[in-house]
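A.B. asks: We have chain A; now place chain B onto it with these hints.
If you read the protein sequences in the order shown, they are chains A and B. Counting in my numbering, the first sequence runs without a single skipped number right up to 351 at its last residue. Counting in my numbering, the second sequence runs without a single skipped number right up to 684 at its last residue.
No wet-lab data here; the hints were simulated from the structure. Please read all numbers here as calculations on a predicted model, not as lab measurements. Beta carbons: idealized from backbone N, C-alpha and C, even for Gly. Hints are supplied without guarantee of correctness; some may be wrong.
Unchecked claim - Calculated pairs, DSBU-like style, for lysine-lysine (alpha carbon to alpha carbon, straight line, at most 30 Å):
#, chain 1, residue 1, chain 2, residue 2
1, B, Lys422, B, Lys440
2, B, Lys444, A, Lys299
3, A, Lys305, B, Lys422
4, A, Lys237, A, Lys337
5, A, Lys331, A, Lys305
6, B, Lys422, A, Lys237
7, A, Lys237, B, Lys526
8, A, Lys237, B, Lys444
9, B, Lys440, A, Lys299
10, A, Lys237, A, Lys254
11, B, Lys526, A, Lys331
12, B, Lys419, A, Lys305
13, B, Lys419, A, Lys331
14, A, Lys337, B, Lys577
15, A, Lys296, B, Lys440
16, A, Lys305, A, Lys337
17, A, Lys305, B, Lys453
18, A, Lys254, A, Lys296
19, B, Lys526, B, Lys577
Stated by the list, open to error - Quick list of simulated restraints, FRET-style, between CB atoms:
#, chain 1, residue 1, chain 2, residue 2, range
20, B, Gly473, A, Ser235, 48 to 54 Å
21, B, Met429, A, Phe222, 33 to 39 Å
22, A, Gln212, B, Thr464, 28 to 34 Å
23, A, Arg269, B, Arg456, 41 to 47 Å
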Amino acid sequence: MCMYAMHFLNDVHTSEDLVQECFMSYWERFLNISGNPSGFPASPKQYLFAMVRNRCIDLIRKESGKDSSVNLSEAERFAADEESVDMSFLEARMWTAIDSLPEKRRKIFLMAKRDGMKYEEIAEVLNISVNTVRNQMAKALDAVKSGNGKVLSYVLIFF
Amino acid sequence: MTEKEKKSLRFVVMNYRPGVFDTRKAIRKFKEIHRQVKYLRIRQAIIWTSAAAAVAVGIFACITLIRPEYVELASADEILTQTLPDSTIVMLSPRSSVKFDSRRFGSRHRKTEMTGKVYFCVARNENIPFEIYPPDGYVRVLGTEFQIDASAAGSVSVLVDKGKVLFSSNEDTGGIILTSGMGAVLDSGSEAPLSTDHPDMNENTWARGTFIFNDEPLDSVLEELSGYYGKKLHFTGKNRRITGIFNAGDLEETVRIIETALDVEITIE
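If we strip away everything but chain A, and leave its shape as in the complex, we get (with noise of 0.2 Å):
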């Protein structure tokens, strides 16, 4: 969700704030009533994307006066898209991958993919060798398509 609420936001401790707030929301009004929930949402999932959705859209608009009408058309159509919702999850996916490599190796793989380093340019910079840095794409690149273990096993507990 925090994905999601990147694409509107551009800003990780805006969306991470806002989602946050959005859990809060969503564990007060139907999780925190001892006995029966009434009107619990039949997709939580649903629900709660487009909570975050409409808060962030709220966010923009309250924004304006700076080029948030750019912002706008761009998050409506974000907003639009119906797979919006899944690319978010495969990007947090990515995200938890990422932030789980050593840190070498993340370095380097940003370095790569973020900075557009070519690998003889990381190893100049870093003083290691060429094949070094190849591995260690290999192994990030490796860890980044297939990481989906921790992430979806704590969004399964809420979905």
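C.D. replies: Below, chain B alone, put in the same frame as chain A:
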């Protein structure tokens, strides 16, 4: 990787920050907040329950405190002299009583009820008037010495030695004010007490301990003494008049004084 996946990876990589969106951390934080909320809720519940309990205790205490605690002084066959919490002295003639709320008497008010015949020496307190409720009527006092006689059914009389007293049929009607040497009688059902002309001050002798005679003829004096001591007194000589205060102790001594002063002879039977 598909195109879409590549796009996603790009998005992730471009925005990646370490230490953010850590699911485990988020859950921990969530649990922490929730635990705090739970504690807060529990604490709130405790506070409310304690408050409710305190209020209940408070109400109970108030009810217990508000309930009056009456003290009754009653005399049997002898004169009973007692001091009330405000230093007022009450002398109860036989078969009389005085009742007051010990919780409030002296602090909030000085209200008393009485039956029979009671002599009051009311301690001075300008802030709290001394109020008496005989079977009929109402007497309010500042600081005085006086008698209320309610022993005769159907009427209440008040006789004042010292000070000032308000005597009326109830606390709301203005009555009459009696000062030293004045008396009044309230008959049951009357609107207001009637003042007595020349009240017999010696009605108070039993409490005061002295006889007061003001230009009184000897025969009536002797009649008074007879009644008080229960002995027949006769005299020979002129029916002179007496003015004076005599101790109501030894009859013979009183008689002797009178004999000497008036040059008469008095016999006691």
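A.B. asks: Hints broken by the structure, by number, lowest first?
C.D. replies: When the structure is compared with the hints, numbers 7, 11, 14, 17 and 18 turn out to be violated.
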